[in-house]
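Asks: Could you put the whole structure together from the sequences, leaning on the hints where they help?
Residue numbers (the numbering used here), protein chains in the order written: chain A, 1 to 288; chain B, 1 to 288; chain C, 1 to 396; chain D, 1 to 396.
What the hints contain is simulated information worked out from the structure, not anything from laboratory work. Everything numeric in this text was worked out from a predicted model, so none of it was measured. Hints should not be assumed to be uniformly reliable.
Simulated crosslink set (DSBU-like; lysine-lysine; CA at most 35 angstroms straight-line) [what the hints assert, rightly or not]:
id	chain 1	residue 1	chain 2	residue 2
1	D	Lys97	D	Lys60
2	A	Lys227	D	Lys386
3	C	Lys77	C	Lys112
4	D	Lys371	D	Lys386
5	C	Lys222	D	Lys81
6	C	Lys181	A	Lys91
7	D	Lys171	B	Lys43
8	D	Lys60	D	Lys81
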Amino acid sequence: MAILLTKRSKVIVQGITGGGGSFHTKRMMEYGTNIVAGTSPGKGGQTVENVPVRNTAVECVEEFGADFSVIFLPAQFAGEAALEAIYAGIKTVVVVPEHIPIADMMKVRKAARERGAVVIGSNTAGLITPGEANAGIIPDIAFAPGRIGTVSRSGSLTYYVADMLTRAGYGETTCVGLGGDPVLGSTFDEILRLFDKDDSTKAIVMVGEIGGVYEERAVPTIEKLSKPVIFMIGGVFAPPGKRMGHAGAIVEGNLGTANTKIAALEKAGGYHARTFMDIPEILQRLSI
Amino acid sequence: MAILLTKRSKVIVQGITGGGGSFHTKRMMEYGTNIVAGTSPGKGGQTVENVPVRNTAVECVEEFGADFSVIFLPAQFAGEAALEAIYAGIKTVVVVPEHIPIADMMKVRKAARERGAVVIGSNTAGLITPGEANAGIIPDIAFAPGRIGTVSRSGSLTYYVADMLTRAGYGETTCVGLGGDPVLGSTFDEILRLFDKDDSTKAIVMVGEIGGVYEERAVPTIEKLSKPVIFMIGGVFAPPGKRMGHAGAIVEGNLGTANTKIAALEKAGGYHARTFMDIPEILQRLSI
Amino acid sequence: MRLYEYEAKKLFGKYGIPLPIGGLAKSAKEAEKISGEIGMPVVLKSQVLTGGRGKAGGIKIEDRAEAIPGLAEELFKLKIKGFPVQTLLVEKALEIKKELYLGITINRAEYKITIIASDSGGVDIETVAAEHPEKIHRVELEIDDPFYSFQAIRLAGEIGLPSEKVRDFAKIALGLFEFFKSYDAKLAEINPLVLTGSGDLIAADARVSLDDDALFRHADLKDMGIEKRHEEGELTPRETQAREWGIPYLDLDGDIGMFPGGAGFGIMGNDFIRYFGGQPANFMDSGGGPTPERLSRMLVLLDENPQVKAIFGARFGGISRCDDFAKGVVKFLREHGLSKPMVMRMTGNMWQEGVRIFEEARKESPELFEKIEFHGIEKPIEEIAKRAVELAREAG
Amino acid sequence: MRLYEYEAKKLFGKYGIPLPIGGLAKSAKEAEKISGEIGMPVVLKSQVLTGGRGKAGGIKIEDRAEAIPGLAEELFKLKIKGFPVQTLLVEKALEIKKELYLGITINRAEYKITIIASDSGGVDIETVAAEHPEKIHRVELEIDDPFYSFQAIRLAGEIGLPSEKVRDFAKIALGLFEFFKSYDAKLAEINPLVLTGSGDLIAADARVSLDDDALFRHADLKDMGIEKRHEEGELTPRETQAREWGIPYLDLDGDIGMFPGGAGFGIMGNDFIRYFGGQPANFMDSGGGPTPERLSRMLVLLDENPQVKAIFGARFGGISRCDDFAKGVVKFLREHGLSKPMVMRMTGNMWQEGVRIFEEARKESPELFEKIEFHGIEKPIEEIAKRAVELAREAG
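Replies: Right, here's the structure in full:
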């Protein structure tokens, strides 16, 4: 079992004819990902790595039953591509490119909520269900099937956490990179809830960092969770960052430092790992 | 009993400081309409005919519990005023002015549906619940409390129908003018359903005319109605009118002539009145 | 408000819709000059505010330069459904590989904006819809919804365009949509949208109708010479007079002058006259809240019509108040005088004041009121209509 | 991207927001000239991309014309949080009756656009929000929602404006909103929005931050001279060099050069070094998919920093592939050479190819690799970090 992505997921690649799209299509297929089609408006009818290309996502849904999409397109087109996937009825959309305008991602998030889709990203490495499927740009080297779910704002931290979990013999159910852009399609609390419902996931590792309020917003969810949450927060010693401005601080509440985030998550019942090595130790203490 | 408007309705007049607004405020109050406030942005705090004026509809709701609005404003402001009333939580909005842009009324209709409000108009004479309250510009001379509900696209036909019903001793529960602009907040089927649920209404008179498809769209409703519907259709001998263009004809289906409308409504179980005098005759035949 | 083809194309051009090259000619000489510049073959298109130009002979394709002046002269003599041809659009003729249809309109019944495409363009799209509904493809949008490129590309696929053309089609469809929204259009049609031999998509024709009530938002149209206009064809002298006065008026064949109050009863009143065996001489709309001046002019139109034998007046005062109505009638009687028998009924808002105005005027000059039978709410309107039919019969 | 006050005001002006009269001065002479034109009293406002200008003495109000040149000279010598004052906005001073606050921003947590108003303007709005939350009034909108006049008028009422001013306020709020949406702003603030003695509402200050990622939609900004800019204050020479190369870089106090891969680990890696008792010499972000050229330059910055005793390198290849990473390191070694001990770990996408590139280069010139300890996935990253701390200690 897993969340969001399994070997049965029917995956399309939006922007499959581009450099990144075709390169990662090959990689993902080699890992076992069930890539059924790709899109590239104006190039419908071609193939890339033997994968059929269509002009639109809706054709991929109608013809191939696609239910999952990974987007590899320049930032200015990626937001609309995500909307296209959502409108076509695709249930999980991974937005890999970075630097997507905030307004575009807000529209994507709104459409996803209205139409019952899950969007991961933008600026995400994607997600991987080890041994089953890999959607995005995650290097599969460090991953192994297992019983811990991971969710992280950063791609590289996802890899390091999996590296440690695999090394310690736990393995992972699914590893989700939320993405690094300012507005994200999914945040911690939504992914945590999915993991909580997944029988194969025994514990969850979440990796956050200074800035934003997505960690704090997960607090009510963590309090209600049936599974333990181990968390890391990057930026404890970071130089004070820049802020969006006064009004931003008001609407988003007190933008926490790493330390206030750590305190909030500990209070909610989370277990703090300072380094990756702490993670297996905590799991052992919890007899997982 | 009645639909939409009773003596307990807490009515506001949007645009109360204007010529039409103040004139009809006085008239409506003289009839017994419970006008609790009016709006005129920039003139909040004044009074008109002893009615308190506020800058916004939401203040009228909060301060006076307003639940009904009549709009007297120039066409270019009327659409937004209707939205204001709907956003403020007002449940019935009567849009008296004519020549409101189609796009504006489509936005109003959408907001009303989303927020559970009923909009009457635009370009409507309004509605009257004889003996209780009068909202709009309807001259009350021909009306008397009674047991027939009326709904018409035209204000003047509303008056003539009521004149006949009153003359014949039936009287009216509520008389609704849908309005004459191309896009209407409410159409026949919605008002028919309200009358069907109103215990005091024993039969319904509906008056349509050539053009549009609002009459045809009421057919499924009429078929299911528990009360008899007597209808008139104006324009049987009208010179052929202008049409919106080809695409319009496609999307709206066959834009019926008066005769096709009459045939459709008769097939649905309606009773056709050629002139106002036919109405009481039909009612008698139906033993009402 | 309907636009001329050349006006619609000017606006389409602003939204990146590819158009044939060409120019506007007011004379045969100009047509010749433009043809010379763009090269043969050209198409000469009569600019009139009505459909069916082709069938009426208003469109000519020609490949001999020397034939242009003669053809143009011919077209300038044409009247199409009453519209004289005063302007020609002279365009380079397209090498047509396929004719498509693309249109956007308002679906008032469903409160939607509908984008329609078909691979069967260049013909009457209503016929296509009736005979081959499967050839009509559409996107339905809520009023505030954006129209996305992927929806347009999908539409392109549905009408069978090859992949390499779908983006061009989408660009045109999105441009047309943006135009539609920006100018409060009720209809924006490209029929045909031509796929040329060289693989370009070009808007060969353009048909646009704007929402008159939203013109206040589009002051720039005036700068382009696009103003509120009348769209009727040939008018009778009386219709021309009414148009000048801003009164919606149409001559009919009968002998009863219709002086209605209220837009709805304007239509229904004509039916009543027919039901009771009479024939209306006109259709007229007073508009909401007419001034005494306007009402007086409405009566002038009827009284001066030699065909009219009797006048049927009805006023149920709503937003149009009875006092104003009475003032208008009295103004007419004083300034013009009534030569035909008239029966009328007046009730509704301010009727007491209306009656007072009549009575005072009658007291002052009873002779002016000799031909008027005046009623209030005591009599139903049907009896008044019947009486008008009688009066016309008596006078006939 | 933050705008200068004068840039923000220029844009506000396009949206009908009333502004003080004034002009831009690059010299004391210009300041004097503008002051003379607009008349006393004037306010001289230092144009810098940071807040707290007032407290730093960057804003001066003056009513004596003869004092202007001196004051301006003084301001031009100022540095505010590292930003030298190069431009002054010279404005007619307003007769202030009341200072309000009006701001629009994106509420990322709730995915909303938030319009905020308060009757307590001219001060730090965060303080108002903390101490008097009841003085903060807001409208929350979905991304596609319009902002209606009635909502703005309601807001005006909530902050206690008298009825006769609510429409003026609404016009400003709607203009600000239209600006905000049109230019993909992240923040648009008027603080204070001044109600003057004569009853006008005027935007005395303007603060705007735009979404850098949406600049491609706003080509017109370039025409106005508004381009992507750096918003840091005073930079170290190395930071200046890094900025020229487009590398996010910050000097820190420690002695371990941080050569990170992946944005997330860039932050976390610094924490690790601190946890294990070391002190990072810098913060750096490689960005997604850096070129070998860029990676080489990143190493140059570290190697040439005399404070750096050891370098800690980490690359988990995702979108940034290990082969490119290896090429970058080899390029640096060949063209520049490594003078400090370095420990690094490389794994992830294309790591085999990365290792091959290293091994080949090492075979060719083993001397270049003498100071490098190279590891793959066999060792956890923590051990690499610990080793870097050790190396720095040994070198110190």
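Asks: Now tell me, hint by hint, if it's right for this structure.
Replies: Taking the hints in turn, this is what the structure says about them:
1. D/Lys97 <-> D/Lys60: Distance of about 19 angstroms is within 35 angstroms: holds.
2. A/Lys227 <-> D/Lys386: Given pair A/Lys227, D/Lys386 holds - Cα atoms ~32 angstroms apart, limit 35 angstroms.
3. C/Lys77 <-> C/Lys112: Measuring from Cα to Cα gives roughly 42 angstroms; hence the hint is violated.
4. D/Lys371 <-> D/Lys386: holds, 17 angstroms
5. C/Lys222 <-> D/Lys81: violated, 53 angstroms
6. C/Lys181 <-> A/Lys91: Distance ~31 angstroms between C/Lys181 and A/Lys91 Cα, so the pair holds.
7. D/Lys171 <-> B/Lys43: holds, 16 angstroms
8. D/Lys60 <-> D/Lys81: Holds. D/Lys60 to D/Lys81 sits at ~18 angstroms (cutoff 35 angstroms).
The structure is inconsistent with the numbered hints 3, 5, although it conforms to all the rest.
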